Amino acid sequence: MGGPIASLNPLNRADGSASYKCVSTGSNILGSVNAPIELPGRRDALKPEEATIEVFVKPGTAPGGVGERYIEGVIRNALGRLILGRENGYPRRGVVITLAIVGGESVGRGGSYLPLLPALLHTAALALLSASVPLSMTLSATVLAVDSSGEIIREPSVKDAKAATSLHALAFTSKGQLLLNESEGAFDFGTWETVYERALAICHGTSTLSSDGDVAMTENVDSQPLEGVLRDTVQDQIHSEYAWKIDAA
Amino acid sequence: MNKEALLSIAERDFILDALREDVRLDGRAADQLRPLTLSFEEEHGHVKVQLGKTSLIVRISAEVAQPHDDRPFDGIFNIAMELTAMGSPAWDNGRQGDLETYVTNVLDRVIRHSNALDTESLCILKGVSCWTIRADVHITDYDGNLIDASCIGVMAGLQHFRRPDAVVKDGQVIVYGLDERVPVPLNITHKPLSVSFHTFDEGKLVVLDATRKEEQASEADVVIGMNNAGDVCYLSKFSGSPVDAMVFVTKTTVALDKVKEINGIIDKALQADLAKRAKGGLAEESRAANDR
Amino acid sequence: MASTATAPAPQPIPPSLSLPPSQFARLQPHAYLLAHLSPPASSQQPSIRANGRSPSQFRVTSANTGSLTHTNGSAVVRLGDTTAVCGVKAEILHTEDIASWSVSHSSSSSFASNKRRKLTNPTAKLGEDRTDSGDNESHIEDFSLLVPNLSLSTGCAPGLIPGAPPSALAQSMSHQILSLLHTSRLVRAEDLQIWYERPNFGPEEPEHHNESEQMDVDVEQEGSDEASIQTGEIKAFWVLYIDIMIISLAGNPFDAAWTAVLAALRDTKLPRAWWDVDNETVVCSDIVSEARKLSLWGLPIASSFGVFEADAAAGWRSVTIQDAEEERKLAEGDRKGIQRRWVLADPDGYEEGLSQERVCLVVDKPQGGDGKVFIVKMEKNGGFAVDRKELKELVDISTRRWEDINQILKQC
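Residue numbers (the working numbering), protein chains in the order written: chain A, 10 to 258; chain B, 17 to 308; chain C, 66 to 477.
These are calculated hints, taken from the structure and not from any lab test. Because the structure is a prediction, the values reported are computed rather than measured. All the pointers check out, no bait thrown in.
To spell it out: a stretch of chain A is covered by chain B in this simulated footprint if at least three of its residues, at any positions, have a beta carbon under 8 Å from a beta carbon of chain B; those stretches are:
| hint | stretch |
| --- | --- |
| 1 | 23-33 |
| 2 | 59-68 |
| 3 | 109-115 |
No residue lacks a Cβ here, since even glycine has one placed at the ideal position from N, Cα and C.
Isolated chain A (complex conformation):
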């Protein structure tokens, strides 16, 4: 399985931007962040001591609808806990995150956005990093489908996701806490716990804290943990941007 392909700063105008392509689901997201910016007319923001976070998801080949509003809320809540909106220069300002789905299949009316959620979250996190927005930590996310035979499919295609009995999107902070969980379909708690273990292994490798040995097996299946992918992307970018300095040294 090929890992995701990500790059920082593909755009000129936005303060920060990132593009992210998930090979297995085929989704390709372009994200931009403008922060901190003035938000006129929104002085009635609920918490004036913090930055207002706005998320906008633009579907690739369809007009936006209620599904987009919902997923925007999910992303905003997740990122709201990571963005340090009280740092200097941020209170009463806005952090505007725009995510455009530029590749892959679109989500129909009432369709599930879960297969796209990890890609959207990763793009947003990378774009925030590229815009140098202060963050308390980063995140990594994945989506898993459980099919009728109880097998777990990692990052299912749209077809697999439709056929699955349950679908789970999980996001972990870089410190290993469960930041977000969105599960739908029919499943019991035991199934979810297996999904959780697997997702934690995908995002953080085998750093799963439980002492029992059987977790170690998952490492081989899931190659590089996703958290590392984000780290590498940022590292690569820094390497290329500071090439003059590194070469001189």
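With chain A's structure known, arrange chains B and C on it following the hints.
For chains B and C alone, coordinates are given in the frame of chain A:
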């Protein structure tokens, strides 16, 4: 906000003074286009356009729908453009600004109303089903001349797009998957493009393909839409100060040259992509043969 | 750090400094709730929420169905001060008017069976597992047969401006309800199909449900040699417009809205309808006794939770965010000493304003099953307090809630 930050007086004067000496900030001649590159993604109808620092992505999609009641023989073609904060921090998400309405209107007139895409060919079954073609324009970077760049993107996308084949059998429409039957290109009747000019100094100075700063410093704009044959399908002097009628006469000739030039670039890019696909297809076939 | 914030408890102190509790609640909402949840050890008071409930207690819930006479089904659900009204209106959608109806994708094997469906015996499906009728169920999603729309009415909460477009909250809840209707497969596609009955020469008695009737073989059908497989033709669908209105919003609108949808759908009756060949139209029977109720799959019930944190600043002071490992150690400490986080069931508007992290669980218990609960939807967002262990506890609370709501819905 929906308004770019204003140019400073010094900046404006600098641009104008330079233009009076026939110099543009980026060193182009008055009738010169910025470097234009087109790239196609794997998906049909997915085009990236880069015109100087303005860049955008166009995605064309097709789906079966019911034709409008008053036009049972026609398919449906829509161009959707929404300006997001991605293109420029000055644009608000989810709020329609003047620029968005203006550009969408010009695109509609140049491409849709001139019947560049033959909508009758999109009919599958009279009054029952037809193809809906949708062109989504995503502006990723805005540095002036949105109209021309979007026009190029939509036209290139339409020429690059392949819709799935559909057959009517016993009143039942069967849509074949892209891997089952060779998908069908759209029926393009002609290739109109728009060419925008901006005027300065009461219409004495006219430049083509203005950057964002030049647009802000300009007094008025003139948009000419025409195809390779020189048929004019759109002509506008939308707002701003008056322009000498002779500008239209002289610039129409320039526009024709530019349309031919741009269409040449589009054709070249399409052919290069086709060649790449043919090569890729062959490689895939041979690989499949090896497997057997 | 918690103790410093708790100091000004709303108890009578010198009159010059005292504030009535209601004003204190407005000025220092966080400290006010915290003071209730962790009273000073000396005061001998139990930990309780500002609204007098225990952390896992839901508000008094009541439901009333059939109050709107112009709908096919309706319900009013009250959850404390949050009130949701739901009306279900059924309308007929002819298959001719569905653009994608006559379209089949050759890649999927269901060509032809889409239009003239083989009907072995649909009544047999009733008892089967819900996953088996997948092909049929996709009708609901493909043709948008369920159209929920939620609106927050003007004046239901102080923050809502009249005449504004649907807020993001209303839109995302509409989506949540729609997606939950799809994933839980609550409404069965068979209930919504209107069939054309061919003149029946078979041995079946004509008094059956129209869609369960066995049809004569269609001549053009490739399967015509198999006499055992009978075919009918779907001519139209019922589309259910599910309109939900929150007439009073005091926190936790989703639970109220979903319970209202559930109660209204249980109340929904569709008239008997069939395709009339002579008039080429769908005809409905006006005999009330012939109208039948929807047969719903299960009873998924939603319960929402909010998390209240003692240290409000933990969310932004990066230094205070612990590793997951340390977190667990701290959680151990919690049991002995001071509690730092409370998971509050069914948060009211006041508590919602103070909690960033939300959990929403939808659980169902199959009738006549082994009593095992399965989860239909589990959402958690906006914080780190709720992890595996906490979720497990919440599933148990939701299960108890399922029993309660089940009783309430049975009675109405």
